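Peer 1: As a plain string of letters, each chain reads:
There are 2 protein chains.
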Amino acid sequence: MGWKRVRTKLMHKGPFLSLYRDEVIRPGGHPGIYEHVTVDDGVRIVAVDQDRLIALVEDDFHLQRRRVLHLPGGGTGGEAPRVAALRELEEETGVVADEVRALGVIDPLPATTAARTHLFLATGLRPGAVHRDDTEAGMAVQWRTMEAALAAVQDGEITDAGSVTALLLAERVLRSTPSSPPGP
Amino acid sequence: MGWKRVRTKLMHKGPFLSLYRDEVIRPGGHPGIYEHVTVDDGVRIVAVDQDRLIALVEDDFHLQRRRVLHLPGGGTGGEAPRVAALRELEEETGVVADEVRALGVIDPLPATTAARTHLFLATGLRPGAVHRDDTEAGMAVQWRTMEAALAAVQDGEITDAGSVTALLLAERVLRSTPSSPPGP
Chain A
1 MGWKRVRTKL MHKGPFLSLY RDEVIRPGGH PGIYEHVTVD DGVRIVAVDQ
51 DRLIALVEDD FHLQRRRVLH LPGGGTGGEA PRVAALRELE EETGVVADEV
101 RALGVIDPLP ATTAARTHLF LATGLRPGAV HRDDTEAGMA VQWRTMEAAL
151 AAVQDGEITD AGSVTALLLA ERVLRSTPSS PPGP
Chain B
1 MGWKRVRTKL MHKGPFLSLY RDEVIRPGGH PGIYEHVTVD DGVRIVAVDQ
51 DRLIALVEDD FHLQRRRVLH LPGGGTGGEA PRVAALRELE EETGVVADEV
101 RALGVIDPLP ATTAARTHLF LATGLRPGAV HRDDTEAGMA VQWRTMEAAL
151 AAVQDGEITD AGSVTALLLA ERVLRSTPSS PPGP
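If you're matching them up, the sequences are chains A and B in order. Heads up: the first sequence at position 95 corresponds to 95 in this note's numbering, and the numbers run straight through without jumps. Heads up: the second sequence at position 148 corresponds to 148 in this note's numbering, and the numbers run straight through without jumps.
Since the hints were made in silico from the structure, they are not lab data. Since we're looking at a predicted model, the values are computed, not measured. You may find that some hints are simply not true.
Said to hold, decoys possible - Taking lysine-lysine and the DSS-like style, the derived pairs with C-alpha atoms no more than 27 Å apart in a straight line are:
hint, chain 1, residue 1, chain 2, residue 2
1, B, 13, A, 13
2, B, 13, A, 9
3, B, 9, A, 4
4, A, 9, B, 9
5, A, 4, B, 4
6, B, 4, A, 13
What the hints assert, rightly or not - Covered stretches of chain B (chain A as the covering partner; in silico rule of three or more C-beta atoms under 8 Å from a C-beta of chain A):
hint, segment
7, 109-116
8, 130-136
Unchecked claim - Computed list of chain A residues with no C-beta within reach of chain B, every gap over 12 Å:
hint, residue
9, 50
10, 61
11, 80
12, 83
13, 91
14, 129
15, 141
16, 144
17, 160
Cβ coordinates follow ideal geometry from the N, Cα and C atoms, glycine included.
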């Protein structure tokens with residue numbers, strides 16, 4: 001049962017995106033055409049500082065034609081997701097993290113692409129070096145409480161799927177974690 | 001500032017997916033190429049019955065090459081998102097809902113497509129008529145508690161971005177709602 005791939009054809013190969021056209025047998029038994037794209041996997045990282053503030057970045061998105069508020073992150077560029085997440089965090093916000101844990105992996109648009117988005121939670125932050133590429137000119141960093149970040153999710157200010165999911169999952173993790181290290 | 005679209009070219013038009021190649025000026029001021037796809041907007045719906053059980057559906061996904069557990073939903077097919085969500089709910093699970101509220105809208109993969117996923121919460125369920133298409137043969141419905149559905153999110157059993165986000169947002173809404181109507 002399930003889908004059967006009879007044949008696949010590369011229809012377009014671009015610098016960041018390729019389009020494939022599969023001839024398939026559908027789960028119901030009939031032949032069909034299934035088109036899909038490949039893009040790099042993505043990463044998003046919730047970086048929490050010693051005051052429990054979370055790094056958010058805002059920059060211009062081409063397809064949305066507006067500024068978008070989201071968690072640090074981007075494409076893996078072929079790197080391991082954890083490495084890519086830490087690289088993006090430092091490049092975009094200027095901090096490095098001593099502790100990173102995985103929050104999960106999501107399928108952002110599973111009927112259109114097999115690409116996944118890998119989500120992380122980073123703590124133990126210290127200064128690094130900002131380094132932004134040409135698509136990120138005009139990027140601005142904000143530090144917000146989790147409460148304020150979740151309010152931005154509920155108000156529709158943060159809509160990027162990886163950012164929304166990582167914040168909601170991180171909140172569940174942090175809720176069960178003491179708010180500061182034990183005193184002396 | 002921001003991105004400037006100089007020219008756009010339709011590279012491929014398929015039945016469900018089109019590919020465009022934009023000539024752009026990037027936020028940093030340099031020219032570049034930006035390829036992206038258009039697909040229908042998506043919908044996902046958290047349907048909660050009188051025992052506070054939530055409808056989940058499992059079926060075969062072509063690109064993931066496995067069975068995928070997710071909330072009822074699919075593409076809008078050009079319908080208003082709320083209408084599409086209720087249609088998909090009935091077709092996939094055989095229930096209709098008397099009350100629907102919006103949970104939010106996410107951008108599943110904002111660097112690749114402008115398509116959005118619209119999230120809903122449905123209550124007041126009553127029997128309707130299952131009607132599945134040829135891609136949904138082999139679909140199975142499960143009813144789970146919110147606790148069990150969220151455990152499936154945290155265990156990586158539910159990974160579809162719209163499903164994960166809608167469940168996490170619905171849990172926040174339901175947490176502040178009485179668990180049953182007042183008694184007589």
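Peer 1: Just pull the numbers of the violated hints for me, sorted ascending.
Peer 2: Checked against the structure, the hints that fail are numbers 3, 5, 10, 17, while the rest are satisfied.
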